[in-house]
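Enquirer: Here are the chains, one letter per residue:
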Amino acid sequence: MPSTPDLLNARERMNLLLMDERPDRVPAAPLITSHAAAVSGINVTTYCTDGAAMGKAHVAAYEEYGHDLLCLFTVVAMVAEAMGAELLYRDGHLPVLQRPPVGRDGDLSRLRVPNPQRDGSMPAILEATEYCFSRLAHLVPVGVFVAAPFSTAALLRGVEGFMEDLVDAPQRATDLIALATEATIPFIDAVICEGGLPVLVDPLASCSVISPVMYGRHALPAQQKLISHLHRYDMDVMLHICGRTEGVLHLLPATGAELISIDQVELGAVCAAVGDRMRVVGNVSPTEVMAGGTPDEVEEAVVRCIYTAANAPKGFVASTGCELPYHTPRENVHAFIRGVRAAGAYWPTARRNRFGDGAPAVRVE
Amino acid sequence: MSGLPLSWAEEAGYVDPPPAQVGYAERNRLFSGVPTSLIQQCRYYHDVDAEWSTYLFPPATYATYGSRYLKRLRYDNSLAALRLWGFVMSEGERLFRARQIGRKLIACMGDLGGTTPIVQAAGNAVAFYPDCFWWTPFFMESKVLFEAAGALGMGEECCFSRATLGAFHKRAYFPTPDLCVAATGASCDDFASVAQLAESLTGQAVHWLEIPFRREPQPWFRRAAFRRTAHGDAQYPIHILPFLCEEYARVLQRLEEICGHPISPHDLCSSIVGANRLRLTVRAIRDLAYGADPCPLPALEAMHVEFATLHGYSDPDECRRVLDNVLATVQRRASNGEGVLDRDAVRVAWVGPPADMRLLNMLEELGGRVAGTEYMINQSLSLISEEMEPIEALADCFLNASLIGSCSYRARRVVEEARRYGAEGIIITGVVGASHCVAEGRTIAQVAKEELGIPTLCIDVPFPSDVPPGQIATRIEAFLEVLRARRDAHRA
Numbered sequence: 000m001p002s003t004p005d006l007l008n009a010r011e012r013m014n015l016l017l018m019d020e021r022p023d024r025v026p027a028a029p030l031i032t033s034h035a036a037a038v039s040g041i042n043v044t045t046y047c048t049d050g051a052a053m054g055k056a057h058v059a060a061y062e063e064y065g066h067d068l069l070c071l072f073t074v075v076a077m078v079a080e081a082m083g084a085e086l087l088y089r090d091g092h093l094p095v096l097q098r099p100p101v102g103r104d105g106d107l108s109r110l111r112v113p114n115p116q117r118d119g120s121m122p123a124i125l126e127a128t129e130y131c132f133s134r135l136a137h138l139v140p141v142g143v144f145v146a147a148p149f150s151t152a153a154l155l156r157g158v159e160g161f162m163e164d165l166v167d168a169p170q171r172a173t174d175l176i177a178l179a180t181e182a183t184i185p186f187i188d189a190v191i192c193e194g195g196l197p198v199l200v201d202p203l204a205s206c207s208v209i210s211p212v213m214y215g216r217h218a219l220p221a222q223q224k225l226i227s228h229l230h231r232y233d234m235d236v237m238l239h240i241c242g243r244t245e246g247v248l249h250l251l252p253a254t255g256a257e258l259i260s261i262d263q264v265e266l267g268a269v270c271a272a273v274g275d276r277m278r279v280v281g282n283v284s285p286t287e288v289m290a291g292g293t294p295d296e297v298e299e300a301v302v303r304c305i306y307t308a309a310n311a312p313k314g315f316v317a318s319t320g321c322e323l324p325y326h327t328p329r330e331n332v333h334a335f336i337r338g339v340r341a342a343g344a345y346w347p348t349a350r351r352n353r354f355g356d357g358a359p360a361v362r363v364e
Numbered sequence: 000m001s002g003l004p005l006s007w008a009e010e011a012g013y014v015d016p017p018p019a020q021v022g023y024a025e026r027n028r029l030f031s032g033v034p035t036s037l038i039q040q041c042r043y044y045h046d047v048d049a050e051w052s053t054y055l056f057p058p059a060t061y062a063t064y065g066s067r068y069l070k071r072l073r074y075d076n077s078l079a080a081l082r083l084w085g086f087v088m089s090e091g092e093r094l095f096r097a098r099q100i101g102r103k104l105i106a107c108m109g110d111l112g113g114t115t116p117i118v119q120a121a122g123n124a125v126a127f128y129p130d131c132f133w134w135t136p137f138f139m140e141s142k143v144l145f146e147a148a149g150a151l152g153m154g155e156e157c158c159f160s161r162a163t164l165g166a167f168h169k170r171a172y173f174p175t176p177d178l179c180v181a182a183t184g185a186s187c188d189d190f191a192s193v194a195q196l197a198e199s200l201t202g203q204a205v206h207w208l209e210i211p212f213r214r215e216p217q218p219w220f221r222r223a224a225f226r227r228t229a230h231g232d233a234q235y236p237i238h239i240l241p242f243l244c245e246e247y248a249r250v251l252q253r254l255e256e257i258c259g260h261p262i263s264p265h266d267l268c269s270s271i272v273g274a275n276r277l278r279l280t281v282r283a284i285r286d287l288a289y290g291a292d293p294c295p296l297p298a299l300e301a302m303h304v305e306f307a308t309l310h311g312y313s314d315p316d317e318c319r320r321v322l323d324n325v326l327a328t329v330q331r332r333a334s335n336g337e338g339v340l341d342r343d344a345v346r347v348a349w350v351g352p353p354a355d356m357r358l359l360n361m362l363e364e365l366g367g368r369v370a371g372t373e374y375m376i377n378q379s380l381s382l383i384s385e386e387m388e389p390i391e392a393l394a395d396c397f398l399n400a401s402l403i404g405s406c407s408y409r410a411r412r413v414v415e416e417a418r419r420y421g422a423e424g425i426i427i428t429g430v431v432g433a434s435h436c437v438a439e440g441r442t443i444a445q446v447a448k449e450e451l452g453i454p455t456l457c458i459d460v461p462f463p464s465d466v467p468p469g470q471i472a473t474r475i476e477a478f479l480e481v482l483r484a485r486r487d488a489h490r491a
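Chains as they are written, first to last, in numbering that gives the first Met the number 0: chain A, 0 to 364; chain B, 0 to 491.
In isolation and in its complexed conformation, chain A is listed as follows:
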């Protein structure tokens, strides 16, 4: 499908969107996280532990794809690790939770409010943020994905134990979430100070894991508190919840987030439910389509998303339902961007650039 070169760069496009303006086209923001490591030829362990390498990977990915939002992210356990959770780093794989620091007794004394400059992978993420900011922030927003407190609490306790606590010892769960919230705030302050735009990720608050009632009782208040803190900085907050979220759609605007990034939910239903209050972000399948499909299938999928959601009242960002796998074929990511450029135009062609970025729409006689 032929596409028109862009008039605006990602920074200009996203800034317009955040000011409730229609940009030149739908922004294209596939969640390129550790896939950036593949682009720059490093393994995931290096990506997660070496801030400069992580930063370089995202710069390389931006140069390769020209997407509209950088997505700096290591693992959901990032805050839990900095608070004392042990992660297992295996060469070439994403780190996994090895030992949750909170046991059945609910003793929180082993936990610490992390110093973002010192604990866990936070310093690496901040270094990567600074690296990307200093090189690209004039061209593209530097999104930094931060685990929301509910997910952090689940990883501090261990997911299974935490789910039991939600039912059997709710006060203990509440206390843990409160501590996770307190621990997350200094990190997001540090991210903002480096010029990063915090994006909240709360995969364990998904309806694939908990019920809507539990979401409203435990995850929502913590999201609200963090988002309210971000609003002190005038940040437009993007909240990403993996998996299924149909059951909590009616609660999402109450989080205060301006953008909702969704995964395995019918896009039209989301637009109908919250599209007048939130910008909708989503939701090409990262595994089936992006990792496992052909470029044509990717293009078809993203164009379908655009036809469904591009006219959502508060705006739409074409994205993937979750982060791209490391080995996602590059031609598929290119196909994603190409599809958005071809089908996602808002401005009439005459106002768009026909000669490359910055060039005029004029006829040379």
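The hints are simulated quantities; they were obtained by calculation from the structure and are not laboratory data. Accuracy of the hints is not assured; some may be wrong.
Said to hold, decoys possible - Here are the simulated DMTMM-like pairs of lysine to aspartate or glutamate, each with C-alpha atoms no more than 20 angstroms apart in a straight line:
(1) K103/B <-> E10/B
(2) K142/B <-> D106/A
(3) K448/B <-> D487/B
(4) K313/A <-> E215/B
(5) K224/A <-> D177/B
To be verified - Away from chain B, derived, C-beta distances all over 10 angstroms, residues of chain A:
(6) S133
(7) G194
(8) M213
Claimed, not checked - Cβ-Cβ distance ranges computed for the label pairs, FRET-style:
(9) R276/B <-> T48/A: 56 to 62 angstroms
(10) R28/B <-> R98/A: 33 to 39 angstroms
(11) A253/A <-> E256/B: 43 to 49 angstroms
(12) S133/A <-> Q99/B: 29 to 35 angstroms
(13) G184/B <-> E299/A: 41 to 47 angstroms
(14) R249/B <-> A253/A: 50 to 56 angstroms
(15) V95/A <-> Y13/B: 21 to 27 angstroms
(16) P347/A <-> D341/B: 56 to 62 angstroms
(17) T175/B <-> D90/A: 51 to 57 angstroms
(18) T286/A <-> D459/B: 55 to 61 angstroms
(19) T175/B <-> R243/A: 38 to 44 angstroms
(20) Q99/B <-> T286/A: 37 to 43 angstroms
(21) A253/A <-> Y13/B: 25 to 31 angstroms
(22) S133/A <-> A11/B: 31 to 37 angstroms
Just so you know, these numbers come straight off a predicted model, no measurement behind them. Every residue gets a Cβ at the ideal spot worked out from N, C-alpha and C, and that includes glycine.
Chain A is already provided as a structure; the job is to place chain B on it using the hints.
Expert: Using the frame of chain A, we list chain B on its own:
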């Protein structure tokens, strides 16, 4: 205590730290202590009461949205300065919001403060200066707008003002204005060229405003009659006043068409009263910032204050509140004998708005301070007569303008400013590609030497990434050494 009334912030439980200049990280850290109630109080377009209208945010907020340069600057640590910065940095969004709430957007170009009181008299119109978007490439540390202008055929033969053409084309920095009132004639040729290209290449509606040249009275002019401006010291041939009045009347008529209602003399008078109030506040802040010892307000914040007189950063009502707050802070510091710089800082008059604002920080870090300025906006610092007929008063005031007459007039203005604030030297910042800069530096230096016996340093300001900042720092440092030596010799 000074006996001054409690400020709005103290009533909410916030107390400023002792006056100082602080870096980006500390400025952000201080923000964490600002009560949310204060953030909620600071809003532009008060009459709308919209969620998006808050602006009291730290530099990190605006850096996150792309202003990379903010990380490199040093800031006054007061809440009033934070508010000032937030108000200045939020102007781009403010223009889009203005359009969203149905205001007419009127871009004024090239006259720097002359026509804005007419626009503001309309009530439903917002005046702004696309000219000021020449700072955007610096704030973002980005050549994107220069490249966009270059692609439209305007390259380095034009000064940094060409960024404005890129912004017109991209429509992502301000919405397409309902009208652009563009100065021509005795005006900035680069901005006039930008307006021409915006009209022809982007389809921007432009209303041309011809500015008459202000001749100086000369002994051999036998028949020309001159008069002095009502406020200010410029003299102009009397026949150019009715000419400019006619030009303003045409602007008024065009605005009435666009805004959909008549603009009465009463509306104009009210707008003039508002503009004068703002100008008086700026005048009071300048007197303290440039005159008091120790210096109670850094030069960068003082520059933002001065430029508020152009158009009140697109919301003159809120701008008045912001500046009242700055004035209260500066008055308090001055009455307490407090400041942000050393007492013996070398006093320098600064000529030309520095495109690279770091130069003002640099001067202060090296032991200097700004004592008087000439930022080419003399016309917007002068008061507007409230006795004359309003259009005539606006025209008369504009005829104080810095750049519509001879170099020697501007040189006299600089000398007057240096004398008023006791400057020991003058720094002139030129802009690469700006034609007026070439001749003026030498004339100003010569007049300053003859009249005051003080030296001048001329700097051509490059784009930040083009020249290592150390080169300019070395020149400023050497200049300050000379001034210190002269001071020591004078004392001895």
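Enquirer: The structure should be examined with respect to each hint, and the outcome stated for every one.
Expert: Verification of the hints:
For a cut-off of 20 angstroms, the pair hint linking K103/B to E10/B is broken: about 37 angstroms separates their Cα positions. Proximity of K142/B to D106/A is assessed by CA-CA distance (about 55 angstroms); at most 20 angstroms being required, the pair is judged violated. At most 20 angstroms may separate the alpha-carbon atoms for a hinted pair to count; K448/B and D487/B meet this at roughly 19 angstroms. Distance check on the hinted pair: K313/A and E215/B sit about 57 angstroms apart at the alpha-carbon level, beyond 20 angstroms; violated.
Pair hint K224/A plus D177/B does not hold up; C-alpha atoms about 41 angstroms apart against a cutoff of 20 angstroms. Not every CB of chain B lies more than 10 angstroms from the CB of S133/A, the least distance being 7 angstroms, so the non-interface label is violated. Its closest Cβ contact with chain B, about 5 angstroms, brings G194/A to no more than 10 angstroms, contrary to its assignment away from the interface. Every Cβ of chain B is farther than 10 angstroms from the Cβ of M213/A; the closest lies at roughly 29 angstroms, confirming the non-interface assignment.
The supplied range of 56 to 62 angstroms is met by R276/B and T48/A, whose beta-carbon atoms lie about 58 angstroms from each other. Separation of R28/B from R98/A is about 34 angstroms and conforms to the stated range, judged on CB atoms against 33 to 39 angstroms. Between A253/A and E256/B, the C-beta spacing of about 46 angstroms keeps the proposed range 43 to 49 angstroms intact. Evaluation of the 29 to 35 angstroms hint for S133/A and Q99/B yields a pass: the beta carbon distance comes to about 33 angstroms.
For G184/B and E299/A, the hinted distance range of 41 to 47 angstroms is not satisfied, since their beta carbons lie about 58 angstroms from each other. Taken as a hint, the range 50 to 56 angstroms holds for the pair R249/B and A253/A, whose Cβ atoms sit roughly 54 angstroms apart. A hinted range of 21 to 27 angstroms is violated for the C-beta pair V95/A and Y13/B, which are about 45 angstroms apart. Separated by about 58 angstroms at the C-beta atoms, P347/A and D341/B satisfy the suggested range of 56 to 62 angstroms.
The supplied range of 51 to 57 angstroms is met by T175/B and D90/A, whose beta-carbon atoms lie about 55 angstroms from each other. The beta-carbon spacing between T286/A and D459/B, approximately 57 angstroms, falls within the hinted interval of 55 to 61 angstroms. As the Cβ distance of T175/B to R243/A is approximately 43 angstroms, the hint placing it in 38 to 44 angstroms holds. For Q99/B paired with T286/A, a C-beta distance near 40 angstroms keeps the hint of 37 to 43 angstroms intact.
Take A253/A and Y13/B: their Cβ atoms lie about 30 angstroms apart, and the range 25 to 31 angstroms holds. For S133/A paired with A11/B, a C-beta distance near 36 angstroms keeps the hint of 31 to 37 angstroms intact.
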